[in-house]
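Quick mapping for you: the protein sequence lines, in order, are chains U and C. Position in the first sequence (from 1) plus 26 gives the number in our numbering. Position in the second sequence (from 1) plus 26 gives the number in our numbering.
There is no bait here: all hints are sound.
When chains are identical, the list treats them as one kind, so a pair holds in a single copy or across two.
Below, a list of computed lysine to any residue pairs in the SDA-like style, where the Cα atoms sit at most 25 Å apart:
{"id": "1", "residue 1": "Lys226", "residue 2": "Thr93"}
{"id": "2", "residue 1": "Lys318", "residue 2": "Pro282"}
{"id": "3", "residue 1": "Lys318", "residue 2": "Val275"}
{"id": "4", "residue 1": "Lys291", "residue 2": "Thr93"}
{"id": "5", "residue 1": "Lys28", "residue 2": "Glu97"}
{"id": "6", "residue 1": "Lys28", "residue 2": "Val87"}
Worth flagging that the hints you see were computed from the coordinates, not collected in a lab.
Number of protein chains: 2
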Amino acid sequence: MKVSELGEFGLIDLLARMVSSSPGSHVSRQQLIIGIGDDATAWHGDASTQLATVDSFIQDVHFSLDTASWEELGWKALAVNMSDIAAMGGMATYALVSLALPDHTEVEDVTAMYRGMVELAQQFGVVIAGGDTSSAPLVAITITVLGNTRNRDTHILTRSGAEPGEKVAVTSYLGTAAAGLEMLTEKLLLDSEAATCLRKAFLRPYPRITEGQLLVEQGVKTAIDISDGLISDLKHICQLSQVGARIEVDRLPIEPMVRANFGDKSLALALSGGEDYELLFTGSAQTIDKVKTAVSCLVTVIGEIIAGETGKVTLVDSKGNPFYLQKVGWEHFTTR
Amino acid sequence: MKVSELGEFGLIDLLARMVSSSPGSHVSRQQLIIGIGDDATAWHGDASTQLATVDSFIQDVHFSLDTASWEELGWKALAVNMSDIAAMGGMATYALVSLALPDHTEVEDVTAMYRGMVELAQQFGVVIAGGDTSSAPLVAITITVLGNTRNRDTHILTRSGAEPGEKVAVTSYLGTAAAGLEMLTEKLLLDSEAATCLRKAFLRPYPRITEGQLLVEQGVKTAIDISDGLISDLKHICQLSQVGARIEVDRLPIEPMVRANFGDKSLALALSGGEDYELLFTGSAQTIDKVKTAVSCLVTVIGEIIAGETGKVTLVDSKGNPFYLQKVGWEHFTTR
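With the sequences and hints as input, model every part of the structure.
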């Protein structure tokens with residue numbers, strides 16, 4: 027069987043099973059809290075829970091040099107990894123950068139990429155502390171970000187704690203990054219304010235490190251960052267928490283600028299576009315009210331966790347009737 | 027300027043300067059012991075020094091599927107990273123695996139690769155605790171290995187502590203891996219015992235995790251693992267320690283099997299072949315005698331650290347006369 031037939035998540039499941047059946051040292055295994063399958067790996071440190079995550083960012087798979095500048099590339103490659111630490115409710119501390127570059131790459135392009143990376147790292151006090159470089163036929167940036175919780179008693183945000191009756195909420199807006207990607211690939215001509223905003227959403231996503239820690243402080247237990255798309259990422263929470271979820275599509279927070287430029291399609295972008303790197307989380311209505319007060323960005327309740335078919339995400343309109351994405355002209359909708 | 031003109035080490039220097047001029051958080055920066063430029067990153071943890079390293083292993087750059095099986099690939103990709111932890115004198119604890127694979131890759135090849143990885147991980151109690159998978163036009167395996175020292179007072183092995191008068195020593199044999207690579211790429215027909223030994227040296231290197239910790243216990247301060255080749259890696263120590271070194275070529279430990287099959291060329295393989303992943307270290311004659319007693323593998327003194335031209339490695343014969351590699355038919359010798 028080919029990897030493409032098994033699919034990304036099938037492959038991860040298979041490898042996770044191989045790995046979990048191996049013993050490891052008594053100490054490392056005993057200290058491990060979260061292995062493969064959440065946003066980041068977590069284990070008990072001496073003074074706090076330790077976090078680590080890694081993601082590869084590969085040319086013409088995850089990015090294109092036709093649409094992204096090298097500086098944006100550096101920012102985004104680091105941001106998507108810091109976002110995984112944010113989704114665990116942790117602080118990011120160190121980053122290791124493994125860089126594969128074609129020999130003909132211009133040195134000034136590489137330094138521009140590092141400028142983007144360093145700019146983001148500085149905003150969150152992350153130290154780029156190591157890595158390696160290699161020659162390769164294409165650009166691949168693999169970044170490892172390490173982090174930790176504030177102290178040993180601080181809990182982490184996992185994907186497996188959602189309970190029926192909890193509300194589902196999200197930070198800021200959804201679909202803005204996907205709108206940015208569409209604008210860049212389709213070469214849409216938008217007014218300059220919209221073009222700048224959408225480009226930034228797609229190429230300079232802001233990791234919700236501060237918000238993730240505030241969620242923890244307000245008692246949230248369950249979160250994920252939206253990388254694959256709202257529905258797909260909510261399904262991850264539902265599968266690991268063994269619950270379902272109902273989303274009211276009319277409640278989805280969509281940037282007015284996206285709505286103005288993409289009309290009905292905005293909803294599909296918000297539901298399945300991905301790469302917004304906003305935090306999707308669950309909690310009681312009371313907890314979410316506390317979160318709204320604590321964080322400075324918009325927080326919107328978009329649905330609730332329900333008992334029933336594990337892993338199923340149901341879409342409803344404002345009257346509670348089933349909502350079908352085909353209505354908004356999204357025929358080949360994929361939930362991956 | 028192109029990356030190829032600047033060279034790998036030039037690029038690393040440039041990026042390290044960009045990164046070190048960025049502030050980072052007060053805490054992370056203050057806790058950092060070793061940033062870019064040693065075998066691994068090191069920082070103060072609460073109960074021990076923490077270590078992290080990452081290396082990419084890219085198809086047709088670092089390995090070829092024509093010569094390596096998938097299982098060997100998994101072993102080696104992990105081994106080269108564990109070797110960096112060994113060169114710091116630490117224990118390896120967790121590994122994160124970022125895997126880029128073409129869609130047409132057979133799932134059984136990927137599981138074979140994981141078998142190789144898990145086999146090595148088990149021998150050292152390392153837990154494969156996370157990672158990600160992506161689609162890519164070629165196979166790229168980027169592994170992050172985390173580790174730590176035994177306790178807070180245990181020192182680490184760095185590249186910067188060598189002092190004039192110290193002896194230079196190495197674990198086990200040199201050039202065996204390079205002989206294995208030559209056998210595989212040139213399709214040399216050797217007897218089956220030699221073929222097995224050389225293949226194993228090149229494709230299943232054994233990280234010197236145990237030996238690294240014993241070096242620390244015996245008082246060694248300075249070490250590196252031999253990945254680029256003896257001369258090249260000794261130059262790294264010399265540059266960072268601001269010393270020179272003199273190597274007596276007749277003392278180099280070369281497997282009898284390599285000498286028998288490669289004759290005079292063995293010496294060039296031992297001096298510059300690389301990928302042996304043995305530990306190259308310095309210490310007083312007394313310290314090295316203690317190391318010889320403590321470790322179970324061969325330890326050979328091959329030269330000494332000298333004052334004088336920083337970074338210069340001089341080769342001499344048994345009479346102390348200058349030795350030129352051209353003598354052994356190695357015209358285009360590169361010290362990278």
